[in-house]
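*Asks:* Quick note, the sequences are listed as chains A and B, same order. Going left to right, the first sequence walks through residues 1 to 374 as the working numbering numbers them. Going left to right, the second sequence walks through residues 1001 to 1270 as the working numbering numbers them.
Treat the hints as calculated values from the structure; they're not laboratory data. Please note that the accuracy of each hint is not assured.
Said to hold, decoys possible - Computed Cβ-Cβ distance ranges for the label pairs, DEER-style:
id : chain 1 : residue 1 : chain 2 : residue 2 : range
1  : B       : Phe1068   : A       : Leu92     : 17 to 25 Å
2  : A       : Glu199    : B       : Ala1156   : 26 to 34 Å
3  : B       : Gly1129   : A       : Arg164    : 35 to 43 Å
4  : A       : Leu291    : B       : Met1162   : 28 to 36 Å
5  : B       : Phe1182   : A       : Leu92     : 43 to 51 Å
6  : A       : Leu368    : B       : Phe1012   : 41 to 49 Å
7  : A       : Arg274    : B       : Ala1156   : 56 to 64 Å
8  : B       : Glu1032   : A       : Phe114    : 31 to 39 Å
9  : B       : Phe1068   : A       : Gly152    : 44 to 52 Å
C-beta atoms are modelled at their ideal positions from N, C-alpha and C, and glycine is treated no differently.
So the chains spell out like this:
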Amino acid sequence: MRWFNNKDTLYGFLVILPSLVLLGIFVYGFIFQTFYTSLTDWGKDPAQALSANPQIRFIGFENYRELFTGLVDSRFRQDLVNTFFFTVFFILGCLVVGLGLAIVLDRSPRGEGFFRTVFLFPMSLSFIVTGTIWRWMLQPEGGVNQLPTLVGLPKGEFAWLTSREQIWQVSWNDLPFITALVVSAVLIFIAVSAFRGGERRRGYIASGSAALLLLWAFTLGRSLQPLPYDEPHGFNLAFIGIILAAVWQMSGYTMALYLAGLRGIPEELREAARVDGASEWQLYQRVIFPLLAPITLSAMIILGHISLKIFDLIFAMAGADNAPTDVPALLMYLTTFRANQIAKGAAIGMILLLLVAAVIVPYLYSQLKSEVRR
Amino acid sequence: MIGRVLQYTVLFIATLFFLLPVYLVIVTAFKEPSAITLSSTWQLPQVWYWESFTQAWTAFAPKLQNSFFLTITATILSALLGSLNGYVLAKWKFPGANIVFPLMLFGMFIPYQAVLIPLFQFVREIGLGGSLWGLILVHVVYGLPITTLIFRNYYAEIPDEMIEAGRIDGAGFFGIYSRIVFPLSVPGFVVVIIWQFTQIWNEFLFAVTLVSSPANQPITVALAQLAGGEAVKWNLPMAGALLAALPTLLVYIFLGRYFIRGLLAGSVKG
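With the rest of the complex left out, here is chain A:
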C-alpha cells in the first residue's frame, strides 16, 4: 500500500476503520435513508398499515410542501416559531446568567468552590429529572405561584405550562419578507464591520448579497403568499416556564465557559487598564468583554444546537401532547411513532437536521481550520 508511508499507519487505519464504517452507516447512511423516506408517501395511504408488504410510492417534495403550506400542518409552522423564540430566550438567558455569575465568581468571593458546585450541578441531571421537578413547581397552583405568599403577597395566577396566550403574532404569509429583512440586516452589519476591519472583499460580498436579498424581498418576496389566508403565529407564553427550567439547567455551562475565559485573561492586562485610569465598568467594556467574544460565539452555537433539538425537557415538563409547548423535535416523534405518518416524520427530521447543520457546519469548519493554522 503505497498511500501509507509505513506498516504502522496502515494498522492505525485498520483500527479506526470499524468506527468509520459504523458512523458512516449510522450517521450518513441513515440520514440519506431518512431523506429518501421523506420523499415517499409512507404512512399516507391507510392500506399500507394493513398489508405486510406496504406499497410505498415516491412523491417528491410533497411532504415538505404540505408542512410549509398545507392546511393540516399549521401545528408544524407554529412549532418552528416556538423553536425560534425558545432558542432566542434560552440562549439570551444562559448568556446573561452565566456571564453574571462568572464575573461575580471571578472576583474570588468566600466560598467560591461551593457556589461553583451549586451553579453547575443541574448540568449533571437528566432533562427528564429537571422536567419532572419543574413540572411540579409550575403547576397552576404549584410552588412557583405560591412563592409570593411566603412574603405575604397574593399568589401568582399565571397558568405556566397550560397557558394558551400568544403574543407578538405574525402572519405566516409575512414571514418570507420579514426573514429577508432580518437576514439583510445581519449581512449589512457584517459588511460594515468587514469594511471597518479593512476586509474589502468580504465587505463587498456581504453588502452585495444584502442588496440582492432586499431587492427580492420588496419585489417577489412581498407577493409570495405560501397560504391563501392569514395564519397568525406568535410566542406562546407557555414557553416561559420551559425557558426558565432550561436556563436553570444550562446556565452553569456558560458560567464555566466564561469563568475559564476570565481566568485566562492575564492580571497585567487589567492592571494596565487600571493604571491608564479606566473605571471598573470601562475595564469590562473595553478590555474584558471583547476578549470574551469568541467564547460567547461558541456558547451560542453549542446552546443553539441544543435548543433546536430540545425534546426530553418538554416531554417531561408538559407532556408530548401539550400543543402550546410543542417543538419540531417532539412533533417528529409524535408524527412518526404515534400517528404512523412515517414519511412526514422523516421530512420533519430532515428540516431539523438542516437547521442544526446551518449552525454547526460553519462552526466545525472554523474550529478545525484554526486548529490546522496553529
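We have chain A; now place chain B onto it with these hints.
*Replies:* Frame of chain A, contents of chain B only:
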C-alpha cells in the same frame, strides 16, 4: 464596599434560584400523599414519610438496574474504541484523516430525529429490537465522535518524541499504544467515562423509541411515564426523580473537576 454587597447579593439570589427546586423536591418526597396540599407546598413535612422512597424503590429498582447495565457497558465500550481512535488520529495520521475527522465529529451534533426511522428499523432487523443490547449498540456508535475527540485532544499533548523513542526501541503501533500511550491515559479515561456515563444515564430519545417492553426500560423512561400520568400524587415522582438523579449527581459532586473538563471538551477545541 458597595461592590462587595452587590457581589454577595447576586450570589445569594442565584443560590436560591438553583437550590429552591431541590428543597421543594426533598420536602415533597418526604410528605404523606394526603399532606401534599397547595397552601403548604413550601413547608417542611409534619411527619417525615419514608414510604415514598420504599415505593419508588420497588417500582424503580429494576429500571435502575437496566440503566446501570446499559450505561456501564456502553460507556466502557465507547471509551475503549474512542481511545484507540484518538490514538490513531493524534499520532498515526493516515491519508485523508483531516477529512474524515470533521465528518466523524458532525455525528455528535446531529438531531437524532434525522436518523431515528432507519435506526429503528435497523435495530429491529438485526434482532435487537426492544432489547437493551440494541440501545447499547446505538449509544456506543453515537458516542464515538465525542470519545474520539476527547482522546485525540488528550493524546495530542503526548510529545511525539516519546512515540519516536518507542519506535527506536522497536515497538510498533500496538506496542507503543500498550506500553507508552495507554499507561498515560488514566486522566483521559476518567474524563471520557464520566462524560459518557452522565450522557447515557440521562438519555431519553433513544430509550423511549427503541425499547418497547417495560421490562427493559431505563430509568429516564420509567420516570417520565410515572410523572406524566395525571392521577399521580407528587411525592412518588419526586422520590423517583431523586433516585434517578443520584448516580450522576454523586459522580458530579465527587469528580466535578473531570466532569467540567468533559463539558468544555464538547466545544471541540478543548
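*Asks:* Are the hints correct? Go through all of them and say.
*Replies:* Hint check results:
Taking 17 to 25 Å as the suggested C-beta distance range, the pair B/Phe1068 and A/Leu92 does not conform, at roughly 38 Å. A/Glu199 and B/Ala1156 have their C-beta atoms about 31 Å apart, which keeps the hinted 26 to 34 Å range intact. For the pair B/Gly1129 and A/Arg164, the beta carbons lie near 39 Å from each other, so the given range of 35 to 43 Å is met. The given range of 28 to 36 Å is respected by A/Leu291 and B/Met1162, whose C-beta atoms sit roughly 34 Å from each other.
The supplied range of 43 to 51 Å is met by B/Phe1182 and A/Leu92, whose beta-carbon atoms lie about 44 Å from each other. Evaluation of the 41 to 49 Å hint for A/Leu368 and B/Phe1012 yields a pass: the beta carbon distance comes to about 42 Å. Hint check: A/Arg274 to B/Ala1156, Cβ distance near 37 Å, so the stated range 56 to 64 Å is violated. As the Cβ distance of B/Glu1032 to A/Phe114 is approximately 33 Å, the hint placing it in 31 to 39 Å holds.
Between B/Phe1068 and A/Gly152 the Cβ separation comes to about 47 Å, which falls inside the hinted range of 44 to 52 Å.
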